[in-house]
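Chemist: Just so we're aligned: the sequence shown equals residues 0 to 321 in numbering that gives the first Met the number 0.
Simulated from the structure, these hints should not be mistaken for laboratory data. Among these hints, one or two may not hold up.
Calculated pairs, EDC-like style, for lysine to aspartate or glutamate (alpha carbon to alpha carbon, straight line, at most 20 Å) [claimed, not checked]:
1) K136 to D189
2) K21 to D64
3) K22 to D11
4) K44 to D11
5) K136 to E120
6) K216 to E164
7) K260 to D288
For each label pair, taking beta carbons as the anchor points, the in silico distance ranges come out as [said to hold, decoys possible]:
8) G277 to S156: 17 to 27 Å
9) D11 to A105: 30 to 40 Å
10) L263 to T25: 35 to 45 Å
11) T25 to A275: 49 to 59 Å
12) A295 to Q132: 46 to 56 Å
13) D11 to A318: 41 to 51 Å
Even glycine gets a Cβ: it sits at the ideal position worked out from N, Cα and C.
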Amino acid sequence: MQPQTFYRAVADDFSAVDEIIKKQLTSRVPLVSKIGDYITSAGGKRLRPLLVLLCGKALGREGDDLRLLAATIEFLHTATLLHDDVVDMSGMRRGRSTANALWGNAPSVLVGDFLYSRSFEMMVELGSMPVMQILSKATRVIAEGEVLQLSRVRDASTTEEIYMEVIRGKTAMLFEASTHSAAALAGATDAQREALRTFGDHLGVAFQLVDDLLDYKGDSETLGKNVGDDLAEGKPTLPLIYTMREGTAEQAALVRQAIQKGGLEDLEQIRIAVEASGALDYTAQMARDYVARAIACLEVLPASEYRDALVELSEFAVARTH
């Protein structure tokens with residue numbers, strides 16, 4: 000785990016969440032445990048459970064319930080990863096083979112279902128109806144976001160507005176659910192709940208913007224996934240949408256054709272085009288703007304090391320290289 004301050008602030012709780020995850024992965028079917036353990040042990044930043052811990056403790060909440068909520072969020076996230084990799088036919092995540100590449104699509108989908116089901120058992124154990132409402136809505140919105148994105152594959156007419164709707168559903172919603180549910184569990188005021196809900200949304204949007212930026216700016220070894228994955232799948236992300244809208248006629252035509260046919264034949268030309276059009280700068284600036292708005296939402300919290308850690312985490316979200 001990375002040694003940033005925002006991890007150190009909740010180090011003991013974070014270790015406890017890992018233990019809950021290992022315990023809850025237990026199944027009488029060995030393959031379920033094997034695949035579940037493989038994907039949860041892959042590392043990753045685990046920002047969503049971290050957000051639960053930091054937001055809850057910033058509001059004075061301690062104890063096993065907060066840790067259980069953090070583990071529940073991680074199970075929901077892991078389930079979506081398993082399903083996403085099948086839908087996207089991805090072969091690499093976090094620098095190693097995906098579960099579907101190793102065991103096939105059917106086991107990956109079914110273990111994803113197991114993790115979703117387990118997360119709802121954990122929610123019931125929490126016994127908080129407000130948390131249940133927030134997380135059950137989140138799972139629906141995430142599914143809708145993924146289907147919306149799927150419906151726009153190889154569609155070069157996708158607008159920035161539709162793109163924002165997609166990323167708010169498929170990515171930002173679980174960030175929002177993490178911060179909002181932590182506030183609900185902590186018994187926060189209405190103003191604090193709304194501020195932390197908005198904080199999670201803005202942070203999640205910024206996080207996905209950077210992800211989409213790195214698809215054209217990063218390298219496979221650093222990213223832990225294949226560069227150009229979005230282009231290969233014909234996904235019209237913001238760097239491509241901006242290039243079609245603001246680039247030269249030649250740049251726009253190149254990107255439009257690449258989206259419509261998918262594949263990586265034109266990846267290097269596309270990278271040059273999105274850089275030259277200013278699309279990467281535009282995407283990066285939008286991410287910074289969202290993070291600034293996210294940080295402003297934290298003013299509702301009392302001063303503490305946890306609030307400071309949330310600020311640092313937010314800044315990390317746009318400064319990262321993977």
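Chemist: Look at each hint and say if it fits the structure.
Modeler: Tested hints:
no. : hint                     : in the structure
1   : K136 to D189             : 19 Å, holds
2   : K21 to D64               : 17 Å, holds
3   : K22 to D11               : 17 Å, holds
4   : K44 to D11               : 16 Å, holds
5   : K136 to E120             : 16 Å, holds
6   : K216 to E164             : 23 Å, violated
7   : K260 to D288             : 33 Å, violated
8   : G277 to S156: 17 to 27 Å : 21 Å, holds
9   : D11 to A105: 30 to 40 Å  : 39 Å, holds
10  : L263 to T25: 35 to 45 Å  : 40 Å, holds
11  : T25 to A275: 49 to 59 Å  : 53 Å, holds
12  : A295 to Q132: 46 to 56 Å : 26 Å, violated
13  : D11 to A318: 41 to 51 Å  : 26 Å, violated
In the structure shown, a violation is registered for the earlier hints numbered 6, 7, 12 and 13, in ascending order.
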